[in-house]
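Construct the entire structure; sequences and hints are all you get.
Protein chains in written order, with my numbering: chain D, 551 to 1023; chain X, 551 to 1023; chain G, 473 to 599; chain B, 473 to 599.
Be aware that one or more of the hints could be misleading.
If we take Cβ atoms under 10 Å as the criterion, some of the chain X residues that face chain G in the derived model are [claimed, not checked]:
#1 Asp555
#2 His574
#3 Ala602
#4 Ile798
Below 20 Å or equal to it, Euclidean Cα-Cα: the simulated SDA-like pairs (lysine to any residue) are [as the list claims (entries may be wrong)]:
#5 B:Lys497 / D:Thr581
#6 D:Lys812 / X:His574
#7 B:Lys497 / X:Gly863
#8 D:Lys864 / D:Gly963
#9 G:Lys497 / D:Ile822
#10 D:Lys812 / G:Lys497
#11 G:Lys497 / D:Ala580
#12 G:Lys497 / D:Ala815
#13 X:Lys1018 / X:Gly863
#14 B:Lys497 / X:Arg583
#15 G:Lys497 / D:Gly963
#16 X:Lys812 / X:Ser962
Which bits of chain G does chain B cover? Going by a derived footprint, with three or more residues having C-beta under 8 Å, they are [as the list claims (entries may be wrong)]:
#17 481 to 488
#18 493 to 503
Hint data in this document are derived by calculation from the structure and do not stem from the laboratory.
The model shown is predicted, which means the values in this text are computed figures rather than measured ones.
Note that the Cβ used here is the ideal one computed from N, Cα and C, for glycine as well.
Next come the chains, spelled out residue by residue.
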Amino acid sequence: MSTLDFVVGIVYLVAAIAFVTGLHLMRSPATARRGSPLSAGGMVLAVAATLAKVANDGTISGTGWAVLGAGALLGAAVGLVSARRVKMTAIPQLVSLFNAVGGGAAAVVALMDVIRLTEHAGATVAGRTSVASVLDVLIGALTFSGSLIAAGKLQGWIPGRPIVLPGARAVNGLLALAAVGLGCYFMSGAYDSWWLVGSLFGALVLGITTVLPIGGADMPVVISLLNACTGIAVAMAGFVIDSAGLIIAGALVGASGGILTKLMADAMNRSIPAILAGGFGTGDTVNAVAPGVTGDVHPISVEDAAIQLAYAGKVMIVPGYGLAAAQAQHEARELAELLESRGIQVDFAIHPVAGRMPGHMNVLLAEANVPYTQLKEMDTANPEFPSTDVVLVVGANDVTNPAARRPGTPLSGMPILEVDRAQRVIVIKRSMGHGYAGIDNELYTEEKTGMLFADAKRGLAELAASVKALVGA
Amino acid sequence: MSTLDFVVGIVYLVAAIAFVTGLHLMRSPATARRGSPLSAGGMVLAVAATLAKVANDGTISGTGWAVLGAGALLGAAVGLVSARRVKMTAIPQLVSLFNAVGGGAAAVVALMDVIRLTEHAGATVAGRTSVASVLDVLIGALTFSGSLIAAGKLQGWIPGRPIVLPGARAVNGLLALAAVGLGCYFMSGAYDSWWLVGSLFGALVLGITTVLPIGGADMPVVISLLNACTGIAVAMAGFVIDSAGLIIAGALVGASGGILTKLMADAMNRSIPAILAGGFGTGDTVNAVAPGVTGDVHPISVEDAAIQLAYAGKVMIVPGYGLAAAQAQHEARELAELLESRGIQVDFAIHPVAGRMPGHMNVLLAEANVPYTQLKEMDTANPEFPSTDVVLVVGANDVTNPAARRPGTPLSGMPILEVDRAQRVIVIKRSMGHGYAGIDNELYTEEKTGMLFADAKRGLAELAASVKALVGA
Amino acid sequence: MTTSLLADLSIFVLALLVGFEVISKVPSTLHTPLMSASNAIHGIVLVGAMLAAASANDAAGYVLGFVAAAFAAMNVVGGYAVTGRMLEMFKRRPDPVPAPAPPDGAGLLGSGTGPGPARDGSAGQGS
Amino acid sequence: MTTSLLADLSIFVLALLVGFEVISKVPSTLHTPLMSASNAIHGIVLVGAMLAAASANDAAGYVLGFVAAAFAAMNVVGGYAVTGRMLEMFKRRPDPVPAPAPPDGAGLLGSGTGPGPARDGSAGQGS
Ligand SMILES: NC(=O)c1ccc[n+]([C@@H]2O[C@H](COP(=O)([O-])OP(=O)(O)OC[C@H]3O[C@@H](n4cnc5c(N)ncnc54)[C@H](OP(=O)(O)O)[C@@H]3O)[C@@H](O)[C@H]2O)c1
Ligand SMILES: NC(=O)c1ccc[n+]([C@@H]2O[C@H](COP(=O)([O-])OP(=O)(O)OC[C@H]3O[C@@H](n4cnc5c(N)ncnc54)[C@H](OP(=O)(O)O)[C@@H]3O)[C@@H](O)[C@H]2O)c1
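What follows is the structure in structure tokens.
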């Protein structure tokens, strides 16, 4: 081992420390912002050290440099521009896209190594390399196609609702068998890289058929899981090319991503196997048919709702997925400003898993310039409901469902915003349609609740107009 | 690398996973008990694998087996018997003793390796081995003697008060220089193991002179720090004999022990450098001279105190270091039982750092058979003080000092037991002597506080007798 | 059964342990940034792509090398950029006077239907 | 500058990171057991003592080997035994009816001055 190689190894270690410290800092909101630059610094070091090594080794051809440079520049440019341009609410699909290419790169790295080793007839591949290569290719390819599907679902290019084909399980099983079988055959001594390519295609198809049946709302968890998988694929690539840097960073992401996936699933009261089984949720774009608007519901007119709001002393707005789906954040801010101008105290109560991605509501309201001081987290908001005159629930459902307090429902155990403790509640939604968890909400049939059936954006705009008309503003 | 060596390496890895999981489980009281057996299981595996390797390698002589077996059996027996026999309150000094021998063993391992390598004239030692050996010998020897002194202080064989000799700092500096200098000379190419032995003796003396000036009450933190040092010494031993098992386990202990040391120091509102500087505290056995019993204090007679207790509805006992020093736990339990037999509600309020080692009061009261349900942790106890008729403070001082609520005192920021919120307070202590932090306690001059100047054991016994006499029991 | 395989395995297992331990309780608002941050870290595959491309010497190798480098660079650069943007949300106390709203693209993936000037990065999580 | 040194260093650094991360917030009642538990773990130096003793072949080597083995075995066996005893305290809910008190030694180090039958392991930390 040359001195340069030793130094490069040490630099990888330093980078690993930076990655770990970066993740550590991101455990708490107070320190989170410092974590990312630190981690990025480690990455720059690792890449620079590798450049030095490649240049020093001198095996790379001129074409090689050109190809490498062009590829890296192109990738970096696309990555940077899309990261800069993306709307905050579209971030999960972008992360999924980045994850896809990461997994793809890991698979390609293994493939390149295998092709190089098996160029000459009768060549063999060392046991460790072949095992790691097959794992890398399988996991990397599955992650690649699976993440693309996940991104497509969130972006709306692929229907968000679960796409369950008849016999899908059997097909998935067969695909998995085929992909693994081809890989094993390759490992067992048939060192022809075409077997590996076959395995790769099997895994690609498997990634698609695994993610398609999962509902769009479960996608954040799926993306996190695929992210962990990419980590493992990268670690395997590290075994293939014998690079400790890749092994450490990949394993780090694999394990921490796995834990994060569990935390995310827990936060929305779902289990990971149940998510992967698929078929849950109705997707983002379904036109909900009102499932039995019983007589118990008290519809309220826009005018009545406006009167209640205009003459309240304290109003709390509870945004949910429906607000995001209708892109009604600006209307919400405008209504809040209008009420405030009448001297009414208006706050937003943010449930941690409101919407469809962690932090969804914060991002959305930040986009609409709602001041920071008006956003109340669940723990701060809950004690305030009893003294609140009117709660305006906009497209939120599960996060306000009192059924969560009872055992035996899909929501049981999830902490909720205790909207039903307020004096009066107005709910804006389009119908009696269910939320993510797919169950009825008892809040809607309570005496104090008025249902304002409307699209969130339109409903809020009409409310604001009505309030203005009322007070002659 | 033979297959056996590979398998042994894997077993060390499995053991490492067991150690980490064991420590992880011990982060919370609910799971702590499962942690130790798991960790011990990993250790058994590691030792068994090593036995297999030594037997298989076949380089060990018959005498070698005998020596190894005799040594291990003797050590195991002494360790087991002392662990079984020790009183719970003497555990810190026993841990310190075990830590001492661990550090000693690490130093000896490096020494043996160096002696073996340098047996023949003109022999050289590889760079990595010599650096690691010197570090191992220095840290291991320092830990060995330092831990013995710490144990001696806690055990009372060496005065607990800080022993500060004139010019001690200069002497320590010179010693450190000498030990490191000898080590460097050895490393620089003078591969005669006597230099290393000289370095070892320097470190031994340094360990003694470093710990002597530190007050007995700071010993738990010092022991924890020395424990982390032993971890590092063991990791260095791993570098010397090229054993990943030792490197992993040693580094694990080094880092986690370091964090733990910080947590312990934080819990008692001290900084680690300040502790190491020494000179803090008055030791365990000093006869405190009352520093200005001002007229503001209200001494109370045993009889008056007995009346207050006997006719209270709710009594809270706050034990502190004085109760431990006087071994008055049984008297405390008896008084509590007596009061309870009169229908009075009696509880013990336990501050997390009451006494001189973490968990001190729990251990003590457990020894005296105080039922679990009567022990209230700080967070549970504090809301109860306002509704408590009489608080009986027994040899506790700092943990009740309201000065902690003000900035600028050595206690500032430490959460306290809010004894001063109760209706009446009776304090049993021998004098107006200070506690560990060395500051006055404003509680003692409050109107509601009665001071019962007595040794905790005698005071409690007299109180019980007096209550009995009073109620004719 | 090489020394190097054993060392690599040890490194792998230890890195897994670090990963498990480094994430414990995280408030759910931080889940998306954390996911994005760990996504950026596996962009280290760029290092692998560089090493693999360095030994390419035929057309297939160059094509694959190009793909690997582009993919990996996109992962790493985009990953850190998007994480940084998300973490802008966690400013402790944003200007009470809102800064002039920078024009915001309509969304790379074209899904934006929200009207009006959008401004990112001005809400935050106290704590 | 050997491969093996680099691997050993990597393993060392990663194990340090695991150690840092595995201990985060620990209630102070658990500090003493945790200290004792990590004290027991460095008893792995017994493995080192065994390997070193295996290559001893003269009087000095045997003496040192004996010392190392005895010290290390005392560390590891005593360490786990005392940790186990301490953790007895953390039983969730001890018998309401106290078990017959087992006789308790006067303390190896002879400091015990407490009278009466002592019984360990019956208090606990709920949580
Ligand atoms: N935050 C995350 O990370 C995350 C990720 C995945 C899943 N989840 C889960 O998602 C749920 C979030 O709860 P939530 O209360 O925010 O939403 P929700 O329970 O999913 O309910 C959303 C409601 O909005 C209404 N809605 C939909 N489009 C609308 C529109 N254009 N205008 C007005 N209303 C509309 C729907 O009723 P109508 O059809 O009748 O209008 C629906 O009942 C939780 O169960 C959570 O576990 C969260
Ligand atoms: N728990 C731990 O892990 C740990 C470790 C190290 C340090 N500490 C520190 O130790 C302190 C513990 O607080 P604490 O309130 O328990 O104790 P303390 O503040 O140290 O006070 C103990 C009091 O007990 C009295 N006392 C001593 N011997 C006595 C006897 N035989 N009979 C009756 N009274 C006696 C002393 O006053 P007289 O002399 O007037 O009798 C003294 O004021 C904290 O500052 C903590 O940070 C704790």
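To see whether the hints hold, each was checked on the structure:
1. Asp555: Since the shortest Cβ distance to chain G is 8 Å, the answer is holds.
2. His574: holds, 7 Å
3. Ala602: Status violated, d = 16 Å.
4. Ile798: Because about 7 Å separates X:Ile798 from the closest Cβ in chain G, which is inside the 10 Å limit, the hint holds.
5. B:Lys497 / D:Thr581: Holds - the C-alpha atoms of D:Thr581 and B:Lys497 are around 17 Å apart, at most 20 Å.
6. D:Lys812 / X:His574: Answer holds: D:Lys812 to X:His574 is near 18 Å, not above 20 Å.
7. B:Lys497 / X:Gly863: Violated - the C-alpha atoms of X:Gly863 and B:Lys497 are around 37 Å apart, more than 20 Å.
8. D:Lys864 / D:Gly963: Between D:Lys864 and D:Gly963 the Cα gap is close to 29 Å, so the pair fails against 20 Å, i.e. violated.
9. G:Lys497 / D:Ile822: Holds. G:Lys497 to D:Ile822 sits at ~18 Å (cutoff 20 Å).
10. D:Lys812 / G:Lys497: Answer holds: D:Lys812 to G:Lys497 is near 11 Å, not above 20 Å.
11. G:Lys497 / D:Ala580: Cα-Cα ~14 Å, so holds.
12. G:Lys497 / D:Ala815: holds, 13 Å
13. X:Lys1018 / X:Gly863: holds, 17 Å
14. B:Lys497 / X:Arg583: holds, 18 Å
15. G:Lys497 / D:Gly963: Answer holds: G:Lys497 to D:Gly963 is near 18 Å, not above 20 Å.
16. X:Lys812 / X:Ser962: holds, 18 Å
17. 481 to 488: Three-residue rule met by the stretch 481 to 488 of chain G, so holds; n is 4.
18. 493 to 503: holds (count 3)
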